[in-house]
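Peer 1: What follows is the residue order along each chain.
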Amino acid sequence: MENDHILITEDLTINFGGLRAVDGVDFYIKKGEVVGLIGPNGSGKTTFFNLITGIYKPDQGRILFEGENTIGEKPYKITRRGIARTFQNGRLFADISALDNVIIGMYTKQKTNLLDTIFRYRRVKTELREGAKRAMELLAFFSKELKDNCLKLVADLPHTDRKRVEICRALASNPKLLLLDEPTGGMSPEETEELMQDIRKIKEQNKNITIIIIEHDMSVIERVADRVYVFNYGKKIADGPFSVISKDTKVIEAYLGEETEDVET
Amino acid sequence: MFEIVLFIAVETLFFVFIYLFLILEKIYSILGILGGIILLSILINKIDKLNSFLKKCFSEYKTPVILYGIIFIIALPILLRNYPYQIFILFNAGLFALLALGLNWQIGSTNIVNFATGASFATGAYTSALLAINMGWSFWILLPIGGLAAAGIGFILGLPCMKTKTYYLSLVTIAFTLIVYLLLNNLSWTGGPDGIADIPFPKIGNHSFGSPIRLFGWEIPFQANFYYLTVFLIALTFIVDRRLRYSRIGLAWNAIRNDEIAAECQGIDVTYSKVLSFSLNFFFDGIAGTLFAFCMSHISPESFTFNVSVTVVTIVIVGGMDNAVGVLFGALLMTLIPEKFQVFQNYRMLIFGFVILIMLRLRPKGLFPQTVRKYD
Amino acid sequence: MTQFIEQIMFALMLSSTYALISVGFTLFFGAINIVHFSHGDVAMLGAFSGIIIYGLFGFTGLIGNVPSWLVTIIIFLATFILIGFLGTFFERTVIKPFRKSPLLMVLVTTIALGIVIRESVRLFYPQGSNPQVFPKILPQMNFEAGNLIFRFDHLLIFLISILLISFMFLFINRTKTGLAIRAISQDIEAANLMGINSDIIIAITFFIGSILAGLAGILIGSYQTVVRFDIGLMGGIKGFSAAVVGGLGNFYGAIVGSLVLGFIESLTSAYIPGGAPYKDVFAFIIVIFFLVFKPSGILGRMAPIKI
Numbered sequence: 001m002e003n004d005h006i007l008i009t010e011d012l013t014i015n016f017g018g019l020r021a022v023d024g025v026d027f028y029i030k031k032g033e034v035v036g037l038i039g040p041n042g043s044g045k046t047t048f049f050n051l052i053t054g055i056y057k058p059d060q061g062r063i064l065f066e067g068e069n070t071i072g073e074k075p076y077k078i079t080r081r082g083i084a085r086t087f088q089n090g091r092l093f094a095d096i097s098a099l100d101n102v103i104i105g106m107y108t109k110q111k112t113n114l115l116d117t118i119f120r121y122r123r124v125k126t127e128l129r130e131g132a133k134r135a136m137e138l139l140a141f142f143s144k145e146l147k148d149n150c151l152k153l154v155a156d157l158p159h160t161d162r163k164r165v166e167i168c169r170a171l172a173s174n175p176k177l178l179l180l181d182e183p184t185g186g187m188s189p190e191e192t193e194e195l196m197q198d199i200r201k202i203k204e205q206n207k208n209i210t211i212i213i214i215e216h217d218m219s220v221i222e223r224v225a226d227r228v229y230v231f232n233y234g235k236k237i238a239d240g241p242f243s244v245i246s247k248d249t250k251v252i253e254a255y256l257g258e259e260t261e262d263v264e265t
Numbered sequence: 001m002f003e004i005v006l007f008i009a010v011e012t013l014f015f016v017f018i019y020l021f022l023i024l025e026k027i028y029s030i031l032g033i034l035g036g037i038i039l040l041s042i043l044i045n046k047i048d049k050l051n052s053f054l055k056k057c058f059s060e061y062k063t064p065v066i067l068y069g070i071i072f073i074i075a076l077p078i079l080l081r082n083y084p085y086q087i088f089i090l091f092n093a094g095l096f097a098l099l100a101l102g103l104n105w106q107i108g109s110t111n112i113v114n115f116a117t118g119a120s121f122a123t124g125a126y127t128s129a130l131l132a133i134n135m136g137w138s139f140w141i142l143l144p145i146g147g148l149a150a151a152g153i154g155f156i157l158g159l160p161c162m163k164t165k166t167y168y169l170s171l172v173t174i175a176f177t178l179i180v181y182l183l184l185n186n187l188s189w190t191g192g193p194d195g196i197a198d199i200p201f202p203k204i205g206n207h208s209f210g211s212p213i214r215l216f217g218w219e220i221p222f223q224a225n226f227y228y229l230t231v232f233l234i235a236l237t238f239i240v241d242r243r244l245r246y247s248r249i250g251l252a253w254n255a256i257r258n259d260e261i262a263a264e265c266q267g268i269d270v271t272y273s274k275v276l277s278f279s280l281n282f283f284f285d286g287i288a289g290t291l292f293a294f295c296m297s298h299i300s301p302e303s304f305t306f307n308v309s310v311t312v313v314t315i316v317i318v319g320g321m322d323n324a325v326g327v328l329f330g331a332l333l334m335t336l337i338p339e340k341f342q343v344f345q346n347y348r349m350l351i352f353g354f355v356i357l358i359m360l361r362l363r364p365k366g367l368f369p370q371t372v373r374k375y376d
Numbered sequence: 001m002t003q004f005i006e007q008i009m010f011a012l013m014l015s016s017t018y019a020l021i022s023v024g025f026t027l028f029f030g031a032i033n034i035v036h037f038s039h040g041d042v043a044m045l046g047a048f049s050g051i052i053i054y055g056l057f058g059f060t061g062l063i064g065n066v067p068s069w070l071v072t073i074i075i076f077l078a079t080f081i082l083i084g085f086l087g088t089f090f091e092r093t094v095i096k097p098f099r100k101s102p103l104l105m106v107l108v109t110t111i112a113l114g115i116v117i118r119e120s121v122r123l124f125y126p127q128g129s130n131p132q133v134f135p136k137i138l139p140q141m142n143f144e145a146g147n148l149i150f151r152f153d154h155l156l157i158f159l160i161s162i163l164l165i166s167f168m169f170l171f172i173n174r175t176k177t178g179l180a181i182r183a184i185s186q187d188i189e190a191a192n193l194m195g196i197n198s199d200i201i202i203a204i205t206f207f208i209g210s211i212l213a214g215l216a217g218i219l220i221g222s223y224q225t226v227v228r229f230d231i232g233l234m235g236g237i238k239g240f241s242a243a244v245v246g247g248l249g250n251f252y253g254a255i256v257g258s259l260v261l262g263f264i265e266s267l268t269s270a271y272i273p274g275g276a277p278y279k280d281v282f283a284f285i286i287v288i289f290f291l292v293f294k295p296s297g298i299l300g301r302m303a304p305i306k307i
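Just so you know, the sequences run in chain order A, B and C.
Quick note on the numbering used here: the first sequence kicks off at 1 and runs consecutively.
Quick note on the numbering used here: the second sequence kicks off at 1 and runs consecutively.
Quick note on the numbering used here: the third sequence kicks off at 1 and runs consecutively.
To be clear, the hints were calculated from the coordinates, so they are not data collected in a lab.
Owing to the predicted nature of the structure, the values given are computational and were not obtained by experimental measurement.
Beta carbons are placed, not taken as given, at the ideal position from N, Cα and C, and that holds for glycine.
There are no misleading hints in this set.
Just the calculated beta-carbon pair ranges, DEER-fashion: (1) G152(B) - R174(C): 49 to 55 angstroms; (2) L151(A) - I204(B): 42 to 48 angstroms; (3) L151(A) - F89(C): 42 to 48 angstroms; (4) R129(A) - E302(B): 48 to 54 angstroms; (5) S296(C) - I156(B): 20 to 26 angstroms; (6) I204(B) - F119(A): 21 to 27 angstroms; (7) G36(B) - F119(A): 41 to 47 angstroms; (8) I156(B) - L103(C): 22 to 28 angstroms.
No farther apart than 25 angstroms at their CA atoms in a straight line, the calculated lysine-lysine pairs in the BS3-like style are these: (9) K74(A) - K163(B); (10) K111(A) - K374(B); (11) K147(A) - K374(B); (12) K96(C) - K365(B); (13) K100(C) - K165(B); (14) K294(C) - K163(B); (15) K62(B) - K125(A); (16) K31(A) - K235(A); (17) K294(C) - K165(B); (18) K74(A) - K294(C); (19) K96(C) - K165(B); (20) K30(A) - K176(A); (21) K30(A) - K74(A); (22) K77(A) - K165(B); (23) K152(A) - K55(B); (24) K163(B) - K77(A); (25) K57(A) - K163(B).
Starting from the given sequences, assemble the full structure and let the hints guide the process.
Peer 2: Rendered as structure tokens:
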């Protein structure tokens with residue numbers, strides 16, 4: 001076990017009533033790396049994320065974050081260790097503003113409690129003010145428009161903006177490990193390109209941030225990921241640099257019959 | 001200059017309407033005044049010029065406008081010094097406002113539909129009544145104690161339910177309320193169906209809350225004592241509400257309301273947040289219960305039925321989810337109007353039932369839905 | 001000993017009446033995933049309709065001329081139809097518009113509906129807030145077996161309940177419509193795609209559930225001999241409790257749960273000194289226990305109506 005492996009899974013397995021959604025997965029990622037996670041629909045990628053974040057408890061195997069076993073910890077505790085994620089179908093808090101959503105992302109880094117709120121409110125006010133400022137900076141990072149519309153209810157925002165807000169929310173806590181689940185889902189090629197540049201900028205600004213990104217768009221993976229893992233039927237069938245795995249016969253077979261992404265796009 | 005005068009005039013008009021509404025007896029006059037208030041509200045809502053003008057005035061001259069309102073609230077018992085019953089129904093409305101403001105933290109902010117207000121209200125009332133009669137403790141100590149007792153019950157009720165889906169949680173609260181009512185009715189040390197009587201009036205120094213206030217030669221009925229205390233407590237609750245709202249606690253509640261799993265993934269301890277909402281809500285219910293017990297000086301299980309819970313839930317649904325002003329307004333609406341239309345008292349619950357059905361259908365977020373948080 | 005056996009008989013009868021109501025709860029939960037909080041009040045309406053129809057016989061002077069067994073049958077049939085339609089009417093007007101709404105909203109809606117029903121009876125039925133005498137429409141005889149004295153009408157209630165439940169069971173498991181109901185409770189979207197008109201099937205589900213509730217009202221009225229406008233609130237909660245204890249959505253669960261609840265209620269009031277006023281408290285404590293610790297009930301996971 002090496003010190004700069006921020007996340008390791010060993011033989012990670014979970015069954016759902018006879019279906020092995022994740023099957024004996026060995027995985028590691030070093031601090032500062034960007035690892036891509038690809039595979040056909042239903043291959044267990046999102047389930048893998050759910051296992052890491054503690055939403056599911058595995059039937060077998062280990063998950064080590066910064067060397068510590070996190071299995072059995074409740075999701076909020078795992079998050080507090082410094083893991084943040086986005087969701088494939090977007091799970092934002094729809095009936096409050098985009099700004100509030102991002103501020104909530106900072107929850108783990110905020111310190112005030114009930115007593116502070118009732119009796120020492122000035123601290124709370126300051127904390128929230130600073131949070132709001134930082135949240136607006138984060139939103140502005142993606143687009144000025146987003147920042148101007150930050151008081152709009154998330155439910156009233158267009159799809160792409162919602163995806164961006166979700167990423168802001170995940171970034172708000174300054175996570176050590178960021179899990180992105182199909183961030184470009186539903187985006188046009190131009191928007192995808194923009195998002196990719198943004199992910200690059202994020203990496204540049206936080207040298208130490210580690211990212212695992214699930215994607216179907218191979219062009220994103222190719223340009224953003226240092227390494228790639230390929231899942232199929234819950235098993236890891238290949239891992240390595242994109243140039244290598246994209247020629248792997250097992251990988252190509254797995255995608256046969258699927259709507260294969262044109263690698264050139 | 002002209003603007004503020006006009007605004008004060010409109011405000012005064014409302015106050016006059018409210019005053020008349022309270023003191024008039026004949027059904028037609030009451031209906032007339034009610035119609036007047038509704039008409040004025042609709043006019044303000046629909047005529048954009050008037051609407052934006054008033055909004056502008058309010059934001060520019062916030063302080064004098066609110067000050068004027070506060071003066072009116074304080075002066076009201078003096079104006080009503082010949083109408084003790086009216087002061088009492090205002091006090092009653094205030095109690096329901098306290099109950100509803102607390103419940104709003106659960107229904108409005110966190111989406112936990114809690115039907116146990118009858119039980120928490122009862123806990124505060126009975127705890128303080130029993131301690132007052134058996135141990136002779138003073139009202140002022142019992143006020144927070146009643147709150148704490150109820151909060152304790154809220155904690156106990158909340159804890160094991162946290163793995164329970166919110167939907168089932170509501171059913172648990174209903175069952176709980178019925179259990180409490182049955183126990184109060186049957187246990188001997190709660191006085192059974194007769195309840196507890198002879199609860200002494202609170203005192204400040206030499207002044208008992210049971211005696212009228214003598215001020216500048218006016219004699220203001222004793223109900224005003226409770227009225228002022230309630231107004232003060234409501235103001236405190238408003239402050240607490242505002243602080244909770246603009247804090248990570250209120251934000252966490254809203255997160256839970258939308259998506260519990262996503263909330264957990266932001267590092268929010270969902271169980272703790274929910275239990276907190278139970279405890280805080282019940283604390284204020286307990287305080288309201290203590291107030292109630294000491295004003296009525298006699299309490300019985302009949303005041304703590306499931307119907308009470310339903311009334312408070314209705315107030316929150318009608319007034320506005322996650323909006324304290326709306327809830328306050330809803331409380332006034334749902335208590336004062338049935339009071340004035342005595343002939344409809346019998347139909348009160350039936351009307352409430354219909355009101356819930358209609359509101360949920362047409363305006364599920366209430367008359368005054370929640371507003372967006374602004375951070376400047 | 002004899003008293004014990006008689007208590008058991010009573011408990012069985014009690015359970016069977018609860019089962020009529022709890023099966024309805026489980027049906028509705030299985031079909032459209034709602035807890036129909038005012039289902040108990042529909043049963044109350046059944047009891048009152050029994051009283052009204054009997055009163056009509058008396059009013060029109062037919063009471064002497066028509067044999068009493070015919071009166072009983074007419075009351076049963078009329079309530080059957082009346083409450084069935086009434087229950088479906090409530091679903092169409094109050095529950096259906098909220099079909100896409102969050103579940104909590106539907107719950108509050110059904111609670112409000114219950115209030116409207118209860119208060120309407122209290123206000124508009126003559127002397128509504130007072131207890132009403134339920135006519136004796138079942139044969140009032142006893143028969144003996146050894147040392148035991150059985151009440152014939154209790155036995156009849158038990159048999160009728162079992163009969164009705166069996167009919168419903170057969171209907172759900174052996175008919176095409178029943179199959180449709182089961183399909184909807186599994187996956188309403190898929191059922192729609194298969195050509196099942198889920199709207200109509202839901203209406204039929206409510207019709208059946210309401211019939212059972214209405215008849216339960218009559219049977220409960222028969223053995224309690226006195227009914228009040230608010231028996232629906234308690235009765236509904238108990239029926240719901242039975243469904244939860246047995247396993248919401250599981251048909252057998254409703255039966256099991258009703259047995260559990262019926263037995264606990266009658267045995268505590270018979271054998272625990274001073275326990276009678278608390279029998280309801282026990283029932284509610286049990287339901288809280290299950291809701292919190294074992295929401296899937298005794299028989300298991302919120303399964304659709306199983307065979």
